[in-house]
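**Q** Next come the chains, spelled out residue by residue.
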Amino acid sequence: MVVRFTRCDRRRLKEVLQGGATDRAESELAGHLEECEHCRRDLEMMAGGPEVWGDVRSFLSSVDIPPGPPGPVHSETTTTRDSLTSSEQAAPGAVWRRQLGFLTPSEVPDSLGRLGAYEITDVIGRGGMGIVLKAFDPALNRHVAIKVLAAEWAHNATARRRFAREAKAAAAVVHDHVVPIHYVDAAGEVPYLVMACISGHSLQERLDQSGPLELKEILRIGMQAAAGLAAAHAQGLVHRDIKPANILLENSVERVRITDFGLARAVDDVSQTQSGVLAGTPQYMSPEQAAGYAVDHRTDLFSLGSVLYAMCTGRSPFRAETAVAVLRRICDGRPHPIRDINPEIPDWLAEIIGKLHEKNPADRFQTASEVADLLEQHLAHLQQPQSVPRPGKLRGRSFLRSLTRSRKWIGVGAAALVIAVIVFSAVINDRKPAKENQERQADDGQASNSVNEPPVPDSGSRSQTPDTTRAATSRSEVDRDLLDSQLQELRRDVLQMELPRRRRESPVSATPAAVLEMDRQLRSLESELKSTAR
Amino acid sequence: MAEIPNTRFSLLARLREGGDECAWTEFVGIYEPAVYGFARKKGLQDADARDLCQEVMRAVSQAIDGWDPDPCKGTFRAWLFRIARNLLINLAAREGRHPRGSGESDVQRMLEQQPAAEGADSALFDVEYRRQVFSWAAEAIRDEFAVATWAAFWRTAVEDQPIAGVATALGLSTGAVYIARSRVLARLRQRIDAVEGRTPLFEN
Numbered sequence: 001m002v003v004r005f006t007r008c009d010r011r012r013l014k015e016v017l018q019g020g021a022t023d024r025a026e027s028e029l030a031g032h033l034e035e036c037e038h039c040r041r042d043l044e045m046m047a048g049g050p051e052v053w054g055d056v057r058s059f060l061s062s063v064d065i066p067p068g069p070p071g072p073v074h075s076e077t078t079t080t081r082d083s084l085t086s087s088e089q090a091a092p093g094a095v096w097r098r099q100l101g102f103l104t105p106s107e108v109p110d111s112l113g114r115l116g117a118y119e120i121t122d123v124i125g126r127g128g129m130g131i132v133l134k135a136f137d138p139a140l141n142r143h144v145a146i147k148v149l150a151a152e153w154a155h156n157a158t159a160r161r162r163f164a165r166e167a168k169a170a171a172a173v174v175h176d177h178v179v180p181i182h183y184v185d186a187a188g189e190v191p192y193l194v195m196a197c198i199s200g201h202s203l204q205e206r207l208d209q210s211g212p213l214e215l216k217e218i219l220r221i222g223m224q225a226a227a228g229l230a231a232a233h234a235q236g237l238v239h240r241d242i243k244p245a246n247i248l249l250e251n252s253v254e255r256v257r258i259t260d261f262g263l264a265r266a267v268d269d270v271s272q273t274q275s276g277v278l279a280g281t282p283q284y285m286s287p288e289q290a291a292g293y294a295v296d297h298r299t300d301l302f303s304l305g306s307v308l309y310a311m312c313t314g315r316s317p318f319r320a321e322t323a324v325a326v327l328r329r330i331c332d333g334r335p336h337p338i339r340d341i342n343p344e345i346p347d348w349l350a351e352i353i354g355k356l357h358e359k360n361p362a363d364r365f366q367t368a369s370e371v372a373d374l375l376e377q378h379l380a381h382l383q384q385p386q387s388v389p390r391p392g393k394l395r396g397r398s399f400l401r402s403l404t405r406s407r408k409w410i411g412v413g414a415a416a417l418v419i420a421v422i423v424f425s426a427v428i429n430d431r432k433p434a435k436e437n438q439e440r441q442a443d444d445g446q447a448s449n450s451v452n453e454p455p456v457p458d459s460g461s462r463s464q465t466p467d468t469t470r471a472a473t474s475r476s477e478v479d480r481d482l483l484d485s486q487l488q489e490l491r492r493d494v495l496q497m498e499l500p501r502r503r504r505e506s507p508v509s510a511t512p513a514a515v516l517e518m519d520r521q522l523r524s525l526e527s528e529l530k531s532t533a534r
Numbered sequence: 001m002a003e004i005p006n007t008r009f010s011l012l013a014r015l016r017e018g019g020d021e022c023a024w025t026e027f028v029g030i031y032e033p034a035v036y037g038f039a040r041k042k043g044l045q046d047a048d049a050r051d052l053c054q055e056v057m058r059a060v061s062q063a064i065d066g067w068d069p070d071p072c073k074g075t076f077r078a079w080l081f082r083i084a085r086n087l088l089i090n091l092a093a094r095e096g097r098h099p100r101g102s103g104e105s106d107v108q109r110m111l112e113q114q115p116a117a118e119g120a121d122s123a124l125f126d127v128e129y130r131r132q133v134f135s136w137a138a139e140a141i142r143d144e145f146a147v148a149t150w151a152a153f154w155r156t157a158v159e160d161q162p163i164a165g166v167a168t169a170l171g172l173s174t175g176a177v178y179i180a181r182s183r184v185l186a187r188l189r190q191r192i193d194a195v196e197g198r199t200p201l202f203e204n
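Residue numbers (my numbering), protein chains in the order written: chain A, 1 to 534; chain B, 1 to 204.
Please keep in mind that the hints were generated in silico from the structure rather than gathered at the bench. From the three backbone atoms N, C-alpha and C, an ideal C-beta is built for every residue, glycine too. Keep in mind that the hints are not guaranteed to be accurate.
Some chain B residues well away from chain A (every beta-carbon gap over 12 Å; in silico) [unchecked claim]:
1. G43
2. Q54
3. A78
4. R85
5. A120
6. L124
7. P162
Between beta-carbon pairs, the in silico distance windows are [unchecked claim]:
8. A:G211 with B:A93: 56 to 64 Å
9. A:P180 with B:D46: 31 to 39 Å
10. B:R82 with A:R319: 33 to 41 Å
Turn these sequences into a full structure, and let the hints steer you where they fit.
**A** Written out as structure tokens, the structure reads:
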């Protein structure tokens, strides 16, 4: 008894229970527990009390959570842990197994059941849209991956419709760098699609294992992914969820295969409408996606930029602690400069990624094939610097901006020039013509009289002169009024051309000297015109 | 279409205010199957049971805007689980009295309203709920333990196999089995307390 009491120690029980005890303390306690029923009871009470032990027995015995190893959720094909939402990560096995009720029983050993003609052999993973199963196709004697629309969505008409539409669209894309879709059954009780089972790993897994990639690898993977995207875009299909987890690297050849076209987000949209919950990781979203605006194929180009960034640096560009903060950074922030993180990345690649990362889709590359070509050219140059020239420098935003700006200034200059010419000619016309006018008037005096004034009998030529002079003056007055109004109009135009620029840019932006000079000349011409007219 | 991002952002923003962005996902993961199981046990057809799930989830997600982040009133999780239960019990009571089809405001009122009478429905639902929360938590914590530790817990506590036999099968001492099963159970309870908002979520 004395021995028992010295070794019974509630504090130590608690420590061991919370896993905070040393191995030695733990094995000591284990030995003690074998003899001491009192401490066994204490330990169990501290852990939970009889009602919890009872609940565990009654509630968990109906749940199929195998007591063996959890079983790695290794994805050969599509959905990896990265693409699972937190709740799915937290509770995989039981939920899937409960959801496999739609399978018809099968007598084939190792088969979990049958779906259509396919023997289901394993659960690979779960994404936003449903379960991914590994299956065997007995007819063609090959393994396939089957994506099944999750039960909670199979009964939702909108989700079914989108699933069917996206799956059919995806099946139409046949390209070396896109995971082929063999079959789509969207009409049955459980909609599903059958695709090639790619053995290999995802780019995400590769990044997790080895961090930033070699430049040639970045270009090769980027180029192939862009080419796959281009093929899909040509079919009018937007992926909407381009991220390293959806870029598969096929074994041995490491051929890039894009998977999950339009599917994950198709169902996510429905899910968000209903529950307001954002599924999956937003890290590779585009700003237009993050803000909930309509997207087109250029959303994939932004995401491709993020994938390239991740390959260069080993991490995604827009990272933050919470999903909301990630979305905010995507919309407003600029990623940390690539070359600060990995100085081995050349400028031109950082520029390409920068252009893909433009917030405004119109400022990005406009097609995936353009990107694929550019990366291919760079790769070719890298591999054969002698025979292949390096592609020209990227016409980045700053260049484009400066170009458009200079165009604006060309406009302003042109307008000013037109004014100058008009004013100048008007001044010339107004200043010199006094004599010429008089001469001309003298020459065709009769005619002009006959036109302007009723012929006056008994009137001599001298009496006519003041009249014609007055007529000439009044005409120049009309001209001047016209000129003035034209001048004002042009000035207004010039002003309007300048205004939006001023409003957009910083208010203190300097006006180029040339324009100031032109403006000065314009003013002096103007005043000259006025003084002459007087 | 325009309300999608708004809903999403407002929900995310509210969750963030509550400092707990996992709360909703975890809540849905536990509550949806619980509501479904309850509805089926009440004799509802599959489609009707799913409708009920959707109705509950939608009402609750909309009600999140009305949540008052006052620490005195308890955690967001605790509130979430409480109003969902209120809604469900009241909804079930209404079903019993008259056929479904009342307006939105009715549903909104049921969110904050304590169930009038705790009858057979609430007991039935609580059992379904406990079942879900236990299996959810078991899944959630399983990867935290070594295979043998988990097996020791599962075989002795859940399957009620004799301790000595399990110890031999797993190559452990009986004392180690006692420690293993208690440790898993303690963690399980802790995880359930955390998901329901009774204790702050230090981990995860």
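**Q** Failing hints, ascending?
**A** 2
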